[in-house]
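Enquirer: The chain contents come next:
Number of protein chains: 4
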Amino acid sequence: MIIMETDATEKQIAQVIKEIKRYGLRADVSKGAYRTVIGIIGDERKIPFDHFAALPGVKEARGVEIPYKLISREYTKLYGGEGKQVIIKVGNIGIGSDEPVYIAGPCAVESKEQLLKITEGVKKAGAHILRGGIFKPRSSVHSFQGLGAGGWEEAEEALDWLHEAGKRFELLTITEVRGEAQVDLAAEYADILQIGTRNMYNQDLLTKVAKKNKPVLFKRHFGAGIEEFLSFAEYIAAEGNKDIILCERGILPVGKGKSYTRYTLDLASIPAIQKETYLPVVVDPSHATGRRDLIFNMSCAAIAAGANGLMIETHYNPAEAVVDGQQTITLDELKEIIDACQKIYKLIAPVRNKG
Amino acid sequence: MIIMETDATEKQIAQVIKEIKRYGLRADVSKGAYRTVIGIIGDERKIPFDHFAALPGVKEARGVEIPYKLISREYTKLYGGEGKQVIIKVGNIGIGSDEPVYIAGPCAVESKEQLLKITEGVKKAGAHILRGGIFKPRSSVHSFQGLGAGGWEEAEEALDWLHEAGKRFELLTITEVRGEAQVDLAAEYADILQIGTRNMYNQDLLTKVAKKNKPVLFKRHFGAGIEEFLSFAEYIAAEGNKDIILCERGILPVGKGKSYTRYTLDLASIPAIQKETYLPVVVDPSHATGRRDLIFNMSCAAIAAGANGLMIETHYNPAEAVVDGQQTITLDELKEIIDACQKIYKLIAPVRNKG
Amino acid sequence: MIIMETDATEKQIAQVIKEIKRYGLRADVSKGAYRTVIGIIGDERKIPFDHFAALPGVKEARGVEIPYKLISREYTKLYGGEGKQVIIKVGNIGIGSDEPVYIAGPCAVESKEQLLKITEGVKKAGAHILRGGIFKPRSSVHSFQGLGAGGWEEAEEALDWLHEAGKRFELLTITEVRGEAQVDLAAEYADILQIGTRNMYNQDLLTKVAKKNKPVLFKRHFGAGIEEFLSFAEYIAAEGNKDIILCERGILPVGKGKSYTRYTLDLASIPAIQKETYLPVVVDPSHATGRRDLIFNMSCAAIAAGANGLMIETHYNPAEAVVDGQQTITLDELKEIIDACQKIYKLIAPVRNKG
Amino acid sequence: MIIMETDATEKQIAQVIKEIKRYGLRADVSKGAYRTVIGIIGDERKIPFDHFAALPGVKEARGVEIPYKLISREYTKLYGGEGKQVIIKVGNIGIGSDEPVYIAGPCAVESKEQLLKITEGVKKAGAHILRGGIFKPRSSVHSFQGLGAGGWEEAEEALDWLHEAGKRFELLTITEVRGEAQVDLAAEYADILQIGTRNMYNQDLLTKVAKKNKPVLFKRHFGAGIEEFLSFAEYIAAEGNKDIILCERGILPVGKGKSYTRYTLDLASIPAIQKETYLPVVVDPSHATGRRDLIFNMSCAAIAAGANGLMIETHYNPAEAVVDGQQTITLDELKEIIDACQKIYKLIAPVRNKG
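Read top to bottom, the protein sequences are chains A, B, C and D. In terms of our numbering, the first sequence has 191 at position 179, counting the first letter as 1, and numbering is strictly consecutive. In terms of our numbering, the second sequence has 364 at position 352, counting the first letter as 1, and numbering is strictly consecutive. In terms of our numbering, the third sequence has 214 at position 202, counting the first letter as 1, and numbering is strictly consecutive. In terms of our numbering, the fourth sequence has 237 at position 225, counting the first letter as 1, and numbering is strictly consecutive.
Treat each hint with caution, since some may be false.
Pairs count within a copy or across copies, as identical chains cannot be separated in the list.
Pairs of lysine to any residue residues, derived as SDA-like cross-links and limited to a Cα-Cα distance of at most 20 Å, are as follows [unchecked claim]:
id : residue 1 : residue 2
1  : LYS43     : ILE25
2  : LYS81     : THR18
3  : LYS81     : ALA20
4  : LYS101    : ARG57
5  : LYS136    : ASP196
6  : LYS270    : ARG57
7  : LYS30     : ARG47
8  : LYS81     : GLU17
9  : LYS270    : GLU56
10 : LYS101    : LEU90
11 : LYS101    : GLY138
What the hints contain is simulated information worked out from the structure, not anything from laboratory work. Just so you know, these numbers come straight off a predicted model, no measurement behind them.
Please take these sequences and the hints and turn them into a complete structure.
Expert: Written out as structure tokens, the structure reads:
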């Protein structure tokens, strides 16, 4: 849609129409009392709106259509599809079904013993997927970057522990790939590949990960709006991989002074996103709050808001964890959370369908 | 706490100590390998930290103690109090008890008939308190500002309808005061006075409202951090009125592009605030999301997160509402929400106590 | 403009058209390949867009026209006016002319001696207007709130000092009104009334101040976008008072970690606002940066960006100032800044006209 | 620094001290009237503060020292260095000297003819460095991603044009590397490698680019605070490459409604950053404002604020540009801007040294 200035001339309007035709589309001119608005008939993705905004006499040029058509419910329906919630099958579980999935494990894999001990507890607590960071993105180059920082051999060893722990306790596995060079190796060992919040805009990584044809857990950047988040998920879908699990993990806090939570957990984004796309949405309350004592409440709230699952940092002794100890819960707490969330989900699911 | 520059001289350190003494307090000097840190012994609220930050050799000067001691659990305990969750008694209800309170009604009072019809439905749905806006803050001077804009007589008539509707259907009443001139009149008719998000920083209004010795529902500004929010609630408490109901109603969205919700509902602020203060916290999902179709989910999520109540815009026919139609739910939807929330609260309350 | 859902029915479109007519306007229906867009012919301010957004089949409803027509260059021209930059005359100066105005003085008036001493220096440095806070808005109820907090008698005494200092050194005066009760008194003494950042949304105060028919310096809220800022300036203009000096004073910082400035000074807002409205725009680098050592650079930058003036906190001895010492400059520094800014303005003004 | 809870026990304090020792450092315990504060003696970078924050009895644990010591003026001085502004030598120019550098060219390289024609004009206008995007990061997968998207052969051809254009018109060259796979190729052709705003947090890319031992132009992420920005620049410095040119290019806008600029140009960050680090800071007003009509004003403002240079999108006919036409200026405008900026710089430089 091209909105003209109130004093735009006929010649300027004609130029805009001519330009639209140059891109193989048709213009639908609507003259109001104050100004002229020019609609676009055809696939508006072909239009470089910023180019149009620079034409003389143009006040505003913007797409009306959404930029994430491949993963959109509305456009899928428009093109004859169903646009229904998809269920991503991984091993014996389905992500996106009525039943929430629970992903748990340590922030960083530290040793084989640590990982196995945690995995056992995570399984007992009722989780389905084991998480464990080997390539850790960190705010400071001087912080511990995960065992993967020790070289490819150490990285592979740690990935093998993850694989083995998952196999022994019958859990699927997920690990984060932080850079392009890690994609091939990680894909050999993990069932699901994770793209972290700081890499949401890293389109080269997205494309490379997408091509492995494994499910991708894709985290929202802490500075990204929902439209941007979905537009970058579209980069994965554009490679033909629609097994995308979206993950809300908190956005930048607003306001001066102490915020009391590390990020702002945007739970309303869950139903808002679910109405836009057929992809499942999970929530990471650990990074969002940064506080162990808020995880129970926010996990319950996420499931009540309609989340398709949770990802929670868990350790047998959080005070021992090398990374993120202050936001890591115990194995007992994990069990309490999963039990409470299951009750809430069973209570809400049938009522919500009516609403 | 005063943190000195690494190259601060002995003379500069001595000056800081002298200044601290000038305010009647004592300095606790701690010299590290890199720099000197000077703690403050005594009531640090007497210290103008920005003045200290301007002294030569000072890198940083900040309070360690919180700025909202009157409403703080920690300081209440420190001074011999219990610091337990308070229950604000209004009429026959207690806000802050285990049982959530439900506040509902139209965004704006439009007519006596409209109000009575809504009140009847709100009561049947299970709400405790009737809301109705008479003095409406609006983004544009050209929008409808509520019946109160018609003059004091019309305002009083509308307030009387509110009072009458509450009495007839045995509901308590709440209305917003937008400016100082409205406080006396509103306090004659409403059981609870509301200070809106745009007035959170309006300290003259806060002080005037506090003095009426009626419970105050105090909304967080959409650009305020939690510390600021509590610091301004302290303005009300400083007048001797601690019957303050804090209300989370959404903060500024982050990121470019369409955000899909009007504001970002910060549900993690509920338990975070409840750990800081003994005051109850309620949630307004209507203004936060701006979307009728998200109210059910976000109401459930708010109660699961531990909210002490909800405030929801309700109308028998939202499409007819003069203000905020797109975020207003029907009376039937209100009933469904209250029913679901009651089930969640009963399920969570005993488990959370264990957590 | 009403944008319909792709699957909107003919009946839903007809209902929207009917509703538009109900408000006395005409609809301009434009059917595209994907969806129908309905333009509005007539004064769209009569349309409650949120009501339309709630109608079935509607995807988006929003105004195309700006909400601040009274102060808009574009609309003034549209209705036959010139839309040129206005020059607000106060005493012997004109704010909005090519020549920048300089406003300086202490953050808070502390005593008659302090004020006179500062005023003398401010005059010598080349400033035109004396600022001095008597009713101070503060983040904490436990901080010094200005001499005005001592009662009306003390407030009047301090206002009288301000008036006297201005008269003695031939400077105009400005002071902030924080609440409605202070408006009448402040208007008796000061030449210009200031509305602070925290009161930008306080429409009752805006209306009351506007009615005094004195120039108003109106600060942008730190959480407000430009459109909102101008929409609230419209509240003042709607009372017939167009002597509005807009003031950029910094907005909320973005991002985690230390930000190194108190707020983010949004200098690009100066030319952006000047293109929208004929009102002058001044800049307050003191509150924006919160750092004395950045005031020189940011003052020069503001004038280079096209600001019509500056407001700077100044004291003969900043370390003695009771409020905001860390962001207050000396009288010598003020002179250096005004000298440098005058050179920049003379250099840029003729070139910019060509550009 | 570890700040204990007011009710922390002696045992809890002892545990913290023991933990500090475990990391090879010493504790400096300071007991106040309310609470105990424990300072750290030694290199606090060895301390995982989030681990300490999780210990019982701890209220807050944070570093006092900055996380970007390698590029810090303060720490360079502390360890015997000078901490003075560095001048990064590239070809015959020095970035960081008193004289600003001007970087200009098209957003995207489109053809050899386009590039040569622009390069000629850019040189005549007085610029020093030619910019041209070959690997374009874009918000939508459906937008033009630069000639580099056509395959490695096309990318190399376009890089060769850039190199040739620079050689023919005696300009240095800069181009953006968007992903790890592009680093080696780009480094063969360009004099300076650029890391874009969306990749600021992409530590694997930073490390790979740093290793090429070419100067790096490093853009601040639009959601990053200054401390974070410098902490990620530290990733480059940690590879032994300190030829880092920091670039401010606008941060996320704040507030509701239309913002009128694409991002918020944070000019106060220039002097704030320059006081922290000895690295030069340049400004990109094109992406920050997104508006051709604001580039003149904001370029002048950036130089007045102390920027060491500017990067401006330029085209002989902006309306023809495939990408970013609305924010691209003409070659004549570029000349006007460079002329005005040179005058401002000469005027300010000697005065600022006094200030």
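Enquirer: Next step is simple, just say for each hint if it's right about the structure.
Expert: To see whether the hints hold, each was checked on the structure:
1. Taking identical chains as interchangeable, the C-alpha atoms of LYS43 and ILE25 lie at most 20 Å apart whether they share a chain (10 Å) or sit on different chains (19 Å).
2. Proximity of LYS81 and THR18 under a CA criterion of 20 Å is satisfied inter-copy only: 13 Å between copies versus 33 Å inside one chain copy.
3. In the homo-oligomer, the alpha carbons of LYS81 and ALA20 lie at most 20 Å apart only across protomers (18 Å), although the nearest pairing inside one protomer, at 33 Å, exceeds that limit.
4. Taking the shortest alpha-carbon separations for LYS101 and ARG57, neither the intra-copy value of 31 Å nor the inter-copy value of 43 Å comes in at or below 20 Å.
5. For the identical chains of this complex, LYS136 and ASP196 are neighbours neither inside a copy (31 Å) nor across copies (48 Å), given an alpha-carbon limit of 20 Å.
6. Taking the shortest alpha-carbon separations for LYS270 and ARG57, only the inter-copy value of 17 Å comes in at or below 20 Å, while the best intra-copy value is 43 Å.
7. Proximity of LYS30 and ARG47 under a CA criterion of 20 Å is satisfied intra-copy only: 19 Å inside one chain copy versus 22 Å between copies.
8. Taking the closest pair of Cα atoms, LYS81 and GLU17 come within 20 Å of each other only across two copies (15 Å); inside a single copy the shortest separation is 30 Å, beyond that limit.
9. Taking the shortest alpha-carbon separations for LYS270 and GLU56, only the inter-copy value of 17 Å comes in at or below 20 Å, while the best intra-copy value is 44 Å.
10. Neither within a single protomer nor between protomers do LYS101 and LEU90 lie at most 20 Å apart by alpha-carbon distance, with minima of 25 Å and 54 Å respectively.
11. Taking the shortest alpha-carbon separations for LYS101 and GLY138, only the intra-copy value of 18 Å comes in at or below 20 Å, while the best inter-copy value is 42 Å.
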